[in-house]
Structures are given as structure tokens and as C-alpha cells.
Amino acid sequence: MSLIGLLLFTLGASFILFWLSRGRKILCVQRSIDGPGQLLPCPMSNPDWKAISMTALELAQANLLSPAVLCFALGAVAAIARSDLRLPEGVFAALSMYLMVSIGLRGGAELRDADLAQVVVPMVGALGLCCLIPLWSYAALRRFGGLSVENAAALAAHYGSVSAVTFAAVTTMLDRQAIPYEGYAAALLATMEVPAIVVAIALVRLAQAAATHSVMVGQSGALTVGGFPFRPNADQPSVLAEVLSSKSIVLLAGGLAIGALVGPAGLTKVKPFFADLFPGALCLFLLELGRQAASRWGHFDRSGPF
Numbered sequence: 001m002s003l004i005g006l007l008l009f010t011l012g013a014s015f016i017l018f019w020l021s022r023g024r025k026i027l028c029v030q031r032s033i034d035g036p037g038q039l040l041p042c043p044m045s046n047p048d049w050k051a052i053s054m055t056a057l058e059l060a061q062a063n064l065l066s067p068a069v070l071c072f073a074l075g076a077v078a079a080i081a082r083s084d085l086r087l088p089e090g091v092f093a094a095l096s097m098y099l100m101v102s103i104g105l106r107g108g109a110e111l112r113d114a115d116l117a118q119v120v121v122p123m124v125g126a127l128g129l130c131c132l133i134p135l136w137s138y139a140a141l142r143r144f145g146g147l148s149v150e151n152a153a154a155l156a157a158h159y160g161s162v163s164a165v166t167f168a169a170v171t172t173m174l175d176r177q178a179i180p181y182e183g184y185a186a187a188l189l190a191t192m193e194v195p196a197i198v199v200a201i202a203l204v205r206l207a208q209a210a211a212t213h214s215v216m217v218g219q220s221g222a223l224t225v226g227g228f229p230f231r232p233n234a235d236q237p238s239v240l241a242e243v244l245s246s247k248s249i250v251l252l253a254g255g256l257a258i259g260a261l262v263g264p265a266g267l268t269k270v271k272p273f274f275a276d277l278f279p280g281a282l283c284l285f286l287l288e289l290g291r292q293a294a295s296r297w298g299h300f301d302r303s304g305p306f
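For the sequence shown, the UniProt record's numbering begins at 1 and goes up steadily by one.
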């Protein structure tokens, strides 16, 4: 059901994008004879649907047959076949740390040369999405999924947060197809890790307070529980600090800071390790991730459609 929902969401978003861009020029991938694909203006008022469909099929084939995706599939097949294939836990953790630092370093180096005015608007939009997605996800999971408060909030936080592995796979695909993208994307990744988790925690605290006390809005507009100001993390002040000090946040934010300080020139000496070896490390990481995903396939029977 989750895959079907994702497919329907993708189709709906594509239709809305096409509807809004009628008669306008948007950027699409056009393949040259002797070079990689380039982003060039495509008039949507009279689109060449055959060319667009062929380009989409070529991109899908290139992505699905990439080493990273095939390694993920290999890990899934190994789990289904009950193979003893398994990366040691320490190696898997080291690969995770390597990917985080590499993304942060390269994003920070690009962020140093970026115009601040160009970064602010996307960052505000990213933060807004991370706060809104958990809200409607939590409501849908509670109403249609029948999940408990804690499980609905935890799953909503996952929906609203971001995946560094997905980010790494997407940027690797874009690099392979020679499709340019904003260098400060890694900065957006770092800022999108925390808000969804904080919103989910606040939802749990609010639901727990509503179950035991009266919840109302005071004269000043402040939310009160039982006549007292409502503070979602008042009973656990260390929750936010624990989230901010998590491994992924520290590595991403630290990598961004280091990359911004040293710049592209300063990363030249470590480029062979943090850039050239990145696709291979991602393949090993996805190999173990595919095994873990396939080994937990049976959880769908107990967790329901969501």
C-alpha cells in the first residue's frame, strides 16, 4: 500500500506540475549526440510526448540498472534466499558516518560560494514542509491507519524527515547523468533532519496532555493545559538536545561547517577519499540496507497498510 500511495502521489504531482506549466518553458533533460544529458528549456505548450516518454524510459533504465540500485536488489535477494550475507555492524556504522561526512563536506564547499539570498527561500520552504508533513501524516495515520498516538507520531516523523541515503543516491544519479543541481542542497538536508522530529514529539505531548487534562487557548492566545502553559518538552528537556546531538546531525552540520571554512580548494587533498570513493561506499551501504529491508518484509502483515 505504501508503494501504491507513493506511485499515486508521484503521478498526481506530475499532473499538477504539467497543469501549472502549460504554455511555459520548464527545464527538462535533452540528450545531445556526443555528450551527456543537459537541462534545456522545453516548451510545454506543444510537447513532444514521444521524445519525453523515451527520455523518461532511458532515465528509468539507467537508474534501475545503476550499481547502487542493483546492490540494494542483491541484498534483498540474499535476505529472501536466507543467505548469511551480512555486513558487520561496525562496518555498516562506519559507512553511514562516511556518507554523512562526505555529503556535508561537499555541500559546505558549494555553500561557501553560494549567494545567501538564493539559499534563504529554499531553506524556509524546506523547513515549512518538514513541519507540515508530520501534521497531516499524523492526522491520516490516526484516522485511517488506526495507529496509536506514539506509533502515528513516530511514523509521521519519518515521513516528514529526510533520508540521507536517498539524498546520496539521487545526487549520485544526477552526477552520473551530468544534470546540474544546487550545491547548497546538502545544507537543506541538514536543516530538514530536526523539525519533523520536534513536531512529532510535540504531537505526542499534546495528545497525552489532552487525555488527562483540559486543553484550551488562553486569553493571550497561548495554549494551556489544565490552566497552565503547555510546554511539550517540559517533562523531558533533554529530548531536543538529544536530537540535535545525534550522530547524523553532528556529522552533517560539522561537515557543512568544515567544507564552508576550507572551500573547494581545501578539499582537494581529501577529494580522492570523500568524493571518488563515494559511489563504491554507497553501493556497500545499500547492499546491507537491501538485506535489512527484505528481512523486515513480514512486518507489513502486523503493521497494516501504512
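Rather than coming from a laboratory, the hints here were simulated on the basis of the structure.
None of the values given here were measured: they were computed from a predicted structure.
Any given hint could turn out to be false.
Restraint ranges, calculated between C-beta atoms of paired labels, are given here [as the list claims (entries may be wrong)]:
1) K271 <-> R82: 38 to 46 Å
2) R296 <-> V270: 31 to 39 Å
3) M173 <-> L116: 27 to 35 Å
4) K271 <-> M173: 39 to 47 Å
5) Q208 <-> E182: 14 to 22 Å
6) S163 <-> M123: 16 to 24 Å
7) T166 <-> L261: 23 to 31 Å
8) A117 <-> V170: 43 to 51 Å
9) D276 <-> Q177: 42 to 50 Å
10) S148 <-> L65: 24 to 32 Å
Where is the CB? At the ideal position from N, CA and C, for every residue including glycine.
We went through each hint and held it up to the structure:
no.: 1; hint: K271 <-> R82: 38 to 46 Å; in the structure: 41 Å, holds
no.: 2; hint: R296 <-> V270: 31 to 39 Å; in the structure: 35 Å, holds
no.: 3; hint: M173 <-> L116: 27 to 35 Å; in the structure: 28 Å, holds
no.: 4; hint: K271 <-> M173: 39 to 47 Å; in the structure: 20 Å, violated
no.: 5; hint: Q208 <-> E182: 14 to 22 Å; in the structure: 40 Å, violated
no.: 6; hint: S163 <-> M123: 16 to 24 Å; in the structure: 18 Å, holds
no.: 7; hint: T166 <-> L261: 23 to 31 Å; in the structure: 27 Å, holds
no.: 8; hint: A117 <-> V170: 43 to 51 Å; in the structure: 25 Å, violated
no.: 9; hint: D276 <-> Q177: 42 to 50 Å; in the structure: 18 Å, violated
no.: 10; hint: S148 <-> L65: 24 to 32 Å; in the structure: 41 Å, violated
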